[in-house]
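Asks: Each chain, written out:
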Amino acid sequence: MRKTLAVALKEMRQILRDPFTLAMLLGVPAFMLLTYGYALNFDIRHVPMAVEDRDLGVESRDLISAFVNSTYFDLVASLPAGADLEGITERREATAILVIPEGFGEEIAAGRTARLQMILDGTDANTATTVLDYAKAIVAERNVAISSSGALAGQAGIDYRPRVWYNPELRSTNFLVPGLMGFILMLTAVLSTALSVVREKERGTMEQLRVTSLRPAQLIFGKTLPYLGLSLVAAAMIVAAADVLFDVKVAGSYFQLFLITLVYLVGALGWGLLVSSISDSQAMAFQIGALSSMLPAIFLSGFIFPIRSMPLVLQAMTYTFPTRYYLVVIRGIFLKGAGIATYWEQAAFLVAYTTLVFGIAWFRLSREEAVA
Amino acid sequence: MNALIRVIHKEYLQLMRDRRMIPVLLIAPMVQLLALGYAANTDVLDIPTVLVDLDRTPASRALVDRFTGSGYFEIVGTEQDIRGIDSWLVKGRAQLALVVREGYGAASGSGARPRVQVICDGTDSTSATVGLGYASRIIAAASAERVEVELSRRGQPGQGGAGTAAGPRVELDSRVWYNSDLRSRWFYVPAILAMTLMLMTLILPSMAVVREKEIGTLEQIIVTPIRPWQLIIGKLWPFMVIGSLNFFFVSALVVFLFRVPLRGSILTLFVMSLPYLVTNLALGLLVSTIVRNQQQAMMASMFFLMVPMIYLSGLIFPIANMPDVIQKITWAIPLRYYVNIIRGVFLKGSGLAVLWPETAILCAFAAGTITLASMRFRKRLD
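Those sequence lines, one after another, are chains A and B. When the letters of the first sequence are read in order and numbered with the working numbering, they come out as residues 1 to 372. When the letters of the second sequence are read in order and numbered with the working numbering, they come out as residues 1001 to 1382.
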């Protein structure tokens, strides 16, 4: 026990002596946190819209007001009839163009169907899809307003109540920030452990450690302990910042959050050890570590892109990444106030993964020790 | 001139000799490409929905059919009771719950309005918003139909003719330009081109230059009559070539594998990419003058340059959504302009006529960064 702590202490000293890596280990999470919290989100408001109103009547003006008052659209230009619409989207002056034909108000007054046209810049398909949906929803509301002048609609029409649970304001920050934890923790844990072990190998101090009376277990635990500590500190930092800066509160239990994070971290550290056991140089450790942890954590874990929308092959692959499971549990604890018990399948996988990876890494590293 | 060619030759030889580099040169971009290309897809279809049909009449079933028939919703389970919804939504087995209350199918005029509830898991807010939008439209259509039926039931002909129109209505026709199926893939994949180029021309050169420093051969080069500019160009040239080859290779993949249309000219795009390549090379060189070893070079270029640039360039997250302060910062990121160029050429068929401002800015970046990097490099040498 004492020897393990001695190794841990030595590791801490080495970490503190390398300000560059330290800056990376702390700076990168901080940067990610700030950017995701403040800058990066998918919520779409104030979409620049140009209007070509050929009717210029009361009805068309009411319609345009409906669009603007929704706060989803900003009127950036009122175009004369026959304006160059394509130029506007090509120059990115507006993302949406509303074209109201002549006679719009007349059709409505006569009780007929009036047609409206919306042109969208589809380059950013996500924004375009959402913009289109907003537009259709606004039009649907206008229709309700128009037709409910008849009392009939109030009786025969459907009483529709939509409700949103867990994230009622539909803020994508609530979705992204807990997910960020999964990514940041995986990255820092894997990289730091991988690099630290390989660095010893490169410098030759690994051999020196072998001739001491240290047992492999003590060496491995001693080396990973400081990184576990650092990662937990980073995790706490993220949770605190999420709450204070971005209003992302933990609806569930902090203790359970800590528990599942601990399991996840040990698994990540184990993976880092595994990477270090197959790498000869720091450069290689970095590349393999980053590739195997960063890419899956961003693209294949449901962090940003929903797993459901991926091709089946990739969906199958996601079952092997711990981050996928961790995110489900974390989001459950953050947003749904649920506990680990609800997600026992995910928790079970994480425990199994952690045990397996750490076990293999230990086995490999001990063998290396014994061989030399 | 001779010396320059010799340096280039030496660099090629060194590159070929470094066995470890070759997998990185080929595999990393491929993996990135495949991952982003196939995974980066935010199109929302087949939303898992749990159904609670408390009415169980033909009318309620017809409503449910509208939902499933739209292709947007997939019924993954049914519950007899509203309280059963909880476990579906909490565990994430369903994202939406559709509740049709009793009395939906009953004849109208009985006093009570038919009630439909939709409960949505807002965790994934993007797809939740889209899902709710779909649901609203389906309900609105069903509602309008009921009103129509009611009208004819009461013997009041529709105002437009024999019971066809349901009264005054606005109908929205939509036209989507450049990406009419709204494939989100068309948004993300061309941007991959920018990312892989950055890998080739920013990270690798910085490591390559630092390696000389690390090994100590840089000192040896200093004592030769090779001039600094020859060394700089000689070291960066192979990566320029690799970057260009990569450009065509990845573009081909984007067009043929991911089937993103290339509506503009690939040559124009290549010409407009050159200043971007040069800027990256210069940044790589700059990094190499600041760090001490390869590992730091890799980390610095990846985490302090590449990752922030990817986030703040509009590659994945729209710049328009960012706070004003940060939007101003994005003006300083070369990748931002290049992303516009790529998307413009691929999806809009734009050429220099429209994209000349971005190209000019990139040229300015290129000139600026290479001057800065060379100055620092020369100082280091002396």
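Hints were generated in silico from the structure; no laboratory data involved. One or more hints might be untrue.
Once the Cα atoms are required to be at most 30 Å apart in a straight line, the calculated DSS-like pairs of lysine-lysine come out as [what the hints assert, rightly or not]:
#1 B:1213 with A:10
#2 A:3 with A:249
#3 B:1328 with B:1010
#4 B:1213 with A:201
#5 A:249 with B:1010
#6 B:1213 with B:1379
Asks: Against this structure, judge whether each hint is valid.
Replies: Verification of the supplied hints:
| no. | hint | result |
| --- | --- | --- |
| 1 | B:1213 with A:10 | holds, 29 Å |
| 2 | A:3 with A:249 | violated, 40 Å |
| 3 | B:1328 with B:1010 | violated, 43 Å |
| 4 | B:1213 with A:201 | holds, 21 Å |
| 5 | A:249 with B:1010 | violated, 57 Å |
| 6 | B:1213 with B:1379 | holds, 14 Å |
Violated hints, listed in ascending order, are 2, 3, 5; each of the other numbered hints is respected by the structure.
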